[in-house]
Amino acid sequence: MPVEVALSERIEAFLAELKRGGSGAGTLRGSGETARETTALLRRITGQAQWSSAGDLMEIIRKEGRRMMATQPSETTVGNMVRRVLKIIREEYARLRGSSEVTDQQESLHQLLTSGGLSEENFGQHFKDLRANVIEAINELLTELEATTDHIAMQALEHIHSNEVIMTIGRSRTVEAFLKDAALKRKFHVIVAECAPFCQGHEMATSLSEAGIETTVIADAAIFAVMSRVNKVIIGTQTVLANGGLRAVNGTHTLALAARHHSTPLIVCAPMFKLSPQFHNEEDTFHKFVSPHEVLPFTEGEILSKVNVYCPVFDYVPPELITLFISNIGGNAPSYTYRLMSELYHPEDHEL
Amino acid sequence: MADADETSKQAERNTNVGDGIAVKKQDIARAKNEGKELTKDEKQRLRKEKKQQKKNKKDDKGESEHENVPLPPSQAVVQCQSQKAPSVAPSLALTPVSVCTSEKPAKSKAEQRAERRARQEADRAAKGKKGESAQQPPSGKSKAPPNELQPVVKRLPEHVQVDDPAAVRKLAKKLERQQIPVRSEYGYKVSLFSHLHQYSRKAPLTQQISIPSTVIHPYIVRLGLQYSQGIVAGSNARSIALLHAFQKVIQDYKTPPNEELSRDLVNKLKPYISYLNQCRPLSASMGNAIKYVKKEISNIPCLCKEEEAKKQLLSCIDNYIKEKITLAATTISAYAIEKISNGDVILVYGCSSLVNHILCDAFDKKRKFSVIVVDSRPRLEGREALRRLVKKGICCTYVLISAVSYILPEVSKVFLGAHALLANGYVMSRVGTSQIALVAKAYNVPVLVCCETYKFCERVQTDSFVSNELGNQYT
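Read top to bottom, the protein sequences are chains D and E. The first sequence begins at 248 in my numbering and counts up by one. The second sequence begins at 21 in my numbering and counts up by one.
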């Protein structure tokens with residue numbers, strides 16, 4: 248019982264962190280960190296909670312997962328990690344049961360129509376090795392998560408050549424690592440769009456110039472004007488959607504349109520844990536708004552009451568504007584996203 | 021101390037030139053040091069003296085080339101050819117070529133060139149140009165080599181040639197002649213824009229350069245400072261302010277004796293225009309206004325009395341403002357209101373006086389619409405437009421330019437203002453306008469551009485790098 252109490256305290260603390268982090272008031276945590284913490288918490292739940300069969304465990308994790316996702320709907324990595332862990336549980340269970348996992352994974356149309364397949368399973372059987380196996384698999388997942396940025400940065404030299412002008416927007420730790428890795432061997436120039444109103448581009452530019460990369464900061468309004476000089480656009484994103492589109496920081500759609508107009512390749516550096524089985528018009532939670540006092544401050548008192556002011560945080564970028572995804576497992580076209588999704592998540596977990 | 025300097029300079033000069041000229045030089049030097057405006061005589065003498073110096077240099081060069089004539093002709097021809105190459109860019113490197121032609125009449129190439137020059141002089145004489153160009157043979161010779169190119173290639177404006185040291189020096193000399201201080205450049209320059217001026221903006225203009233108040237009219241000084249600080253901004257506002265300042269200048273103007281108003285006033289305006297250009301590069305609308313004013317001044321008949329002439333000029337300028345700006349706005353507004361229907365959601369960008377005028381007129385005519393004002397850092401001009409529209413009572417929304425692809429699905433029309441309309445149909449406007457148009461096209465929203473005809477200009481441009489103005493990077 249005391250174990251239970253400690254666990255639920257942990258969960259509450261994590262939820263509080265999530266809620267605070269999303270409002271923009273606390274320090275904005277990177278998604279990698281959130282993913283790692285979620286996975287660590289799920290491992291703890293697996294280790295400490297009371298469960299007897301795989302079905303019970305999945306039910307517990309689903310319940311906690313729903314709570315976590317409801318706290319901060321825009322933080323999709325939480326839901327992605329929950330789905331990954333559920334898939335791990337399914338796999339381990341199937342392996343212990345001895346059924347051939349290989350055929351089940353390839354969901355052919357024939358299988359979908361003729362039989363329910365795995366849906367007949369109720370995951371009721373008890374295996375005593377299941378707990379250890381699942382925890383071991385989650386550890387492997389954690390190792391993978393810790394190495395994602397390095398794996399992406401290793402591919403930098405394949406894509407950046409000398410004397411290029413590269414454009415990026417806002418602040419992405421993945422892109423930062425990517426560019427810094429390339430800068431060790433090649434010389435190139437980076438233009439950063441500052442991304443109002445929070446102007447995270449400034450921090451990105453400072454960090455890049457500390458690494459010795461020649462950086463220029465431009466205002467958002469100058470994105471199209473400057474695009475004629477740019478050779479490649481490399482951006483990060485908050486989420487990769489199921490159709491290959493992006494939910495990225497606001498201003499990215501304009502950047503993508505300008506790149507297409509000038510036929511400049513648009514490369515997205517996104518680790519696999521950002522891939523989410525959602526579509527952009529599916530939920531009401533696609534757009535997130537923060538306080539507009541950064542846009543129109545309270546000092547403009549007289550007109551403030553008569554004007555609507557919006558400050559959206561995200562933009563939708565359709566997949567046809569994207570040239571390439573670079574993830575920790577290599578480079579992919581946006582049209583290949585459906586395949587990656589089927590490898591990572593089980594279709595029944597799309598709706599938690 | 022000053023006397024010692026003067027005498028040492030005098031001694032130096034005496035060794036080169038005769039006594040008479042040296043004395044006059046002293047006067048000119050003294051006048052310059054005191055900051056007084058040089059009289060016309062003194063200016064002419066300065067010009068002649070400089071021409072003399074150039075000729076001396078040419079003679080020295082010519083002598084050395086004479087020695088080369090006994091060499092095999094191919095070498096000399098090569099020399100001639102290599103010197104011809106840079107002359108294609110009309111404003112640069114012209115004197116070496118003219119040396120070639122004048123000193124080697126035996127060469128066939130030089131003969132052709134001499135013939136061309138003679139033809140050009142004959143053409144010019146036939147056109148009956150004013151005396152000044154005939155007085156300056158170097159400039160006449162210099163126009164000969166790019167003769168075939170002259171009707172096609174206009175002179176490259178100096179504000180896009182900052183990376184060329186010869187052009188920068190030429191500008192500095194011109195400003196020195198007009199006694200206008202040169203603005204200093206900023207220490208660290210962005211390499212992407214090395215061809216444009218990047219001025220130091222840490223301190224306001226008055227702390228950086230000393231403006232000789234006797235040379236430039238105080239209204240023009242004030243206007244230049246207002247331009248450089250951004251107090252007067254927007255192409256219509258700048259043109260109107262410029263024309264009002266010119267009216268004041270004309271009112272205060274007194275024709276000096278033995279001078280004609282039509283020629284002297286135009287010459288008086290030239291340093292003012294250079295000064296204003298230094299404070300902030302002239303816009304296309306200002307350029308057209310200046311051309312009009314200069315044309316009106318030169319069309320004043322010689323026998324006209326000064327008072328009448330001034331009155332005529334003032335009324336001409338008033339008419340220009342009324343016709344080209346005020347009435348134009350009313351006409352455009354009448355056309356544009358037909359495009360606004362009830363229930364429209366109109367998107368505007370930044371603060372364009374014309375677009376604001378149209379929206380206020382439409383609201384007065386009882387159209388029901390709402391407006392979305394898009395703004396961008398760092399200037400945040402949209403807030404001014406927002407204030408004006410809200411004061412009128414129009415229902416407004418306000419976003420930054422990064423949110424434009426979020427808000428565009430709700431928009432039915434986009435209205436944009438223009439700074440200038442180029443000869444290839446491209447619109448030059450505040451930075452960010454092209455982005456708005458691009459995203460509007462992606463969402464299939466119609467874009468309407470409103471522009472008065474006096475903003476049309478003959479330049480052509482396809483991207484935003486080749487010719488632009490750089491703002492303050494410290495906000």
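These are calculated hints, taken from the structure and not from any lab test. Every value quoted in this text rests on a predicted model; they were computed, and no experiment measured them. You may find that some hints are simply not true.
[What the hints assert, rightly or not] Here are the simulated BS3-like cross-link-like pairs (lysine-lysine), alpha carbons at most 27 Å apart as the crow flies:
hint: 1; chain 1: D; residue 1: Lys-535; chain 2: E; residue 2: Lys-461
hint: 2; chain 1: E; residue 1: Lys-194; chain 2: D; residue 2: Lys-432
hint: 3; chain 1: D; residue 1: Lys-553; chain 2: E; residue 2: Lys-411
hint: 4; chain 1: E; residue 1: Lys-68; chain 2: E; residue 2: Lys-209
hint: 5; chain 1: E; residue 1: Lys-388; chain 2: E; residue 2: Lys-461
hint: 6; chain 1: E; residue 1: Lys-290; chain 2: E; residue 2: Lys-311
hint: 7; chain 1: E; residue 1: Lys-342; chain 2: D; residue 2: Lys-553
hint: 8; chain 1: E; residue 1: Lys-331; chain 2: E; residue 2: Lys-342
hint: 9; chain 1: E; residue 1: Lys-331; chain 2: D; residue 2: Lys-553
[Said to hold, decoys possible] Derived coverage of chain D by chain E (criterion: at least 3 residues anywhere in the stretch with Cβ under 8 Å from a Cβ of chain E; other residues may be distant):
hint: 10; stretch: 261-268
hint: 11; stretch: 331-341
hint: 12; stretch: 501-512
hint: 13; stretch: 542-548
hint: 14; stretch: 592-599
For every residue, glycine included, the Cβ atom is placed at its ideal position computed from N, Cα and C.
Margin query: Holds or violated: Lys-553(D) and Lys-411(E), Cα atoms, limit 27 Å.
Written below: With a Cα-Cα distance of about 10 Å, the restraint between Lys-553(D) and Lys-411(E) holds, given a limit of 27 Å.
Notebook entry, point to check: Quick one, are Lys-535(D) and Lys-461(E) close enough, alpha carbons at most 27 Å?
Noted result: Since the Cα atoms of Lys-535(D) and Lys-461(E) sit roughly 25 Å apart, the hinted pair holds (cutoff 27 Å).
Next item on the list: Compare the distance between the alpha carbons of Lys-388(E) and Lys-461(E) with 27 Å, and conclude whether the hinted pair is satisfied.
Entry: Holds: Lys-388(E) and Lys-461(E) sit about 25 Å apart, inside 27 Å.
Notebook entry, point to check: For the pair supplied as a hint, Lys-331(E) and Lys-342(E), is the alpha-carbon distance within the 27 Å limit?
Noted result: holds (16 Å)
Checklist line | Holds or violated: Lys-342(E) to Lys-553(D), with C-alpha atoms at most 27 Å apart | finding: Status violated; Cα separation ~35 Å.
Notebook entry, point to check: Are Lys-331(E) and Lys-553(D) close enough, with their CA atoms no more than 27 Å apart?
Noted result: The hint is violated at about 48 Å.
Check: Taking 27 Å as the top limit, are the C-alpha atoms of Lys-68(E) and Lys-209(E) close enough?
Finding: With Cα atoms ~38 Å apart, Lys-68(E) and Lys-209(E) exceed 27 Å; violated.
Check: How does the coverage statement for the stretch 501-512 of chain D fare against chain E, requiring three or more residues with Cβ below 8 Å from a Cβ of that chain?
Finding: n = 4 at 8 Å, threshold three: holds.
Checklist line | Satisfaction of hint between Lys-432(D) and Lys-194(E), Cα-Cα up to 27 Å | finding: violated (47 Å)
Next item on the list: Establish whether the coverage given for the stretch 261-268 of chain D by chain E is satisfied; the threshold is a Cβ-Cβ distance below 8 Å, and no fewer than three residues must meet it.
Entry: violated (count 0)
Margin query: Is the listed coverage of the stretch 331-341 of chain D by chain E valid when you require three or more residues with a beta carbon under 8 Å from a beta carbon of that chain?
Written below: Coverage by chain E is violated here, the residue count being 0 at a Cβ distance below 8 Å.
Check: How about the stretch 542-548 of chain D: do at least three of its residues have a C-beta closer than 8 Å to a C-beta of chain E?
Finding: n = 3 at 8 Å, threshold three: holds.
Hint compliance for this structure: hints 2, 4, 7, 9, 10, 11, 14 are broken, all remaining hints hold.
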